[in-house]
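Line by line, the protein sequences are chains C and W.
When the letters of the first sequence are read in order and numbered with the working numbering, they come out as residues 9 to 210.
When the letters of the second sequence are read in order and numbered with the working numbering, they come out as residues 340 to 724.
To be clear, the hints were calculated from the coordinates, so they are not data collected in a lab.
Any given hint might turn out to be false.
What the hints assert, rightly or not - Taking lysine-lysine and the DSS-like style, the derived pairs with C-alpha atoms no more than 25 Å apart in a straight line are: (1) W/K544 <-> W/K694; (2) C/K204 <-> W/K544; (3) W/K479 <-> W/K550; (4) C/K29 <-> W/K387; (5) W/K597 <-> C/K196; (6) W/K377 <-> C/K196; (7) W/K599 <-> W/K343; (8) W/K436 <-> W/K502; (9) W/K343 <-> C/K29; (10) W/K694 <-> C/K29; (11) C/K29 <-> W/K377; (12) W/K599 <-> C/K196.
All of these numbers come straight from a predicted model, not from anything done at the bench.
Each chain, letter by letter, is given below.
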Amino acid sequence: MKVVIVDYGMGNVRSVASALKFLNVDSIISSEEKDLNKADKLILPGVGAFGSAMEMVKARGLDVALCEQVIQRKKPVLGICLGMQLLGVSSDEGGGTEGLGFVDGCVGIFNDEYVIIPHIGFNQVTPKSSSRLYRGMGHSLDFYFVHSHKMDSNSDIGQSYCDYNGNFVASFERDNIAGTQFHPELSKTNGLDVLKNFLELF
Amino acid sequence: MNKKEVFWCKSCLNMSTRNRISFDEKGNCNACQWRDEKQSMDWRPRQKELVDLLDKFRSTNGNFDCIVPVSGGKDGSYVAHQLKHKYGMNPLTITVKPALSLEIGDQNLSNFIQSGFNHIHISCNPLVLDRLNKYGFIEKGFPYYGWLIAITTAVIKMAVNFKIPLIFYGENGEVEYGGCTQNKDKGLYDLEYMKRVYLEGGHDKVLDRIKADSDISDADLSFFQFPEQEILAEVGVSFTHWSYYESWDSYRNYVVAKEKCGLIEKDEGNSDTFTNFAQNDQALYSLHAYLMYLKFGFGRATQDAGIEIRRGAMTRDQAINLVKMYDNAYPEELIETFTTYYQMTNDEFDAVLDKYANKNLFEKRGRVWLPKFDVAQDFSYEEFL
């Protein structure tokens with residue numbers, strides 16, 4: 009299986025690669041179209057601001073390339089943290105930016121004054137019962153989060169929720185497209201299990 | 340008068356006030372430079388150095404050939420496991436019991452030993468340890484200085500007694516987190532370096548103070564004193580860090596320790612820096628972090644956020660928010676624990692904090708010291724000499 013970690017210049021590509029190594033899965037880190045073409049599965053990580061991330065994605069032509077791989081060729085993709093948010097329709101970060109639009113989800117800041125930003129640390133996710141990402145795992149699972157913005161959706165995108173002064177989308181999974189707001193690569197055994205499920209079940 | 344510049348690392352939030360730290364021309368601290376360097380460097384020569392070193396010291400007669408100080412946590416467990424199972428060494432693992440231990444790690448330590456290690460648990464005379472901790476707090480602003488001494492001296496004593504020539508520590512914090520880069524490209528180091536960097540000098544001063552107490556004899560201090568130079572030279576004890584030979588990756592350490600050494604996953608819901616001050620192996624760590632903040636302007640949130648930034652999980656802006664929120668948090672809920680432990684009144688305790696608060700960086704409002712600076716906003720002040 010060829011796994012490509014899509015590198016658009018922002019974030020945690022190396023920790024994702026090293027987590028995959030624990031699963032005995034070799035991956036390559038690339039933004040080249042030819043590598044994406046040969047890939048069986050794609051992982052889109054990311055840490056930082058939505059607006060500049062989209063600029064970097066577009067500057068490398070990755071918006072077009074990802075659309076071809078994911079929408080037309082139906083290749084499985086897993087977005088992580090900011091990478092998950094980029095798969096949504098838009099973000100209000102920095103006055104509003106369009107995302108890749110692969111799933112119906114909008115990103116906004118945690119805007120409650122009592123909430124500490126970023127939301128950081130381990131927090132519990134309640135997996136949706138039909139979930140593939142969490143298959144074989146428990147009912148209430150700890151994962152590691154670091155984020156200031158959250159995704160909400162009014163559609164059924166196979167979301168599982170986490171509570172941080174209200175529910176937000178901790179992950180979604182629809183057909184070949186999945187995303188986790190948490191960092192599976194930093195979430196100990198649970199995180200490795202989610203990565204494994206993505207690689208095996210998508 | 341002397342103009343002092345205070346600035347923050349351009350990548351993480353390490354401050355220029357940090358002891359022994361250095362910055363490059365772009366304003367990146369030595370920890371961030373090392374993060375980049377270690378990703379692209381060729382580790383094979385250092386791996387070979389490790390193999391050569393271990394070949395030189397490997398025991399053939401059943402004696403222990405290296406010491407690994409452990410706490411039951413992921414890092415020491417990983418190092419001990421690699422030495423024993425990957426490199427065929429015969430390590431003796433050692434734990435020095437801290438004061439006010441929170442017992443979170445007890446089960447992990449027990450599991451680690453059960454997974455198949457020789458281990459010695461050192462309990463220094465608590466009456467002496469407590470008093471050394473108190474004097475360290477007063478004389479050096481180090482709340483668990485007695486323990487800090489013992490994890491150096493008592494471990495070295497064991498090395499001498501069992502004639503074990505090599506002591507393996509986990510990561511070199513100076514290189515990984517910011518500080519002295521003198522030993523960055525050097526595998527082995529000597530006792531003088533240990534004394535200077537780990538005990539920050541002043542070991543003698545604190546010992547002298549306790550020796551002046553009429554109820555303390557030299558015999559009480561056995562675990563807290565370095566062996567005679569000649570005895571040490573006879574065994575030829577060397578010190579080294581695992582992080583010199585293999586790129587330090589705490590996540591890898593965790594995975595191996597869990598799989599091989601029985602490390603248990605805690606319910607992590609509340610147990611990290613940013614949400615709960617009380618949780619750690621020892622309660623005095625919170626005080627240590629707070630004093631670090633008063634002395635230098637950065638606390639535990641800055642340090643932990645730096646680790647998150649360097650492993651690519653957090654942006655600098657997110658870190659600034661957290662540091663503003665947590666570094667200045669006075670450990671209110673633990674003050675009674677501390678004053679009871681040190682047998683001090685609140686005023687005596689506060690007087691120690693006042694002594695160490697850096698008046699160039701802080702001003703006192705009521706009972707609490709407040710920063711005169713904004714996090715990540717470089718500034719300068721006139722230092723009065």
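Tested hints:
The suggested pairing of W/K544 with W/K694 holds, with an alpha-carbon distance near 17 Å, which does not exceed 25 Å. Proximity of C/K204 to W/K544 is assessed by CA-CA distance (about 55 Å); at most 25 Å being required, the pair is judged violated. Pair hint W/K479 plus W/K550 holds up; C-alpha atoms about 17 Å apart against a cutoff of 25 Å. For the hint pairing C/K29 with W/K387, the CA-to-CA distance comes to about 23 Å; that is within 25 Å, so the pair holds.
With a CA separation close to 10 Å, the supplied pair W/K597 and C/K196 stays within the 25 Å bound. Among the hinted pairs, W/K377 with C/K196 is consistent with the structure: their alpha-carbon atoms are about 23 Å apart, no more than 25 Å. For the proposed pair W/K599 and W/K343, the alpha carbon gap of about 50 Å is over 25 Å, so the pair is violated. The straight-line distance between the Cα atoms of W/K436 and W/K502 is roughly 22 Å, inside the 25 Å bound, and the hint therefore holds.
For the hint linking W/K343 to C/K29, the alpha-carbon distance of about 47 Å lies beyond 25 Å, and the restraint is violated. Taking the CA atoms of W/K694 and C/K29, the gap is about 50 Å. The hint is violated against a cut of 25 Å. Taken as a hint, the C/K29 and W/K377 pair is honoured in the structure, with Cα atoms around 18 Å apart against an allowance of 25 Å. About 15 Å separates the Cα atoms of W/K599 and C/K196, which keeps this hinted pair within 25 Å; it holds.
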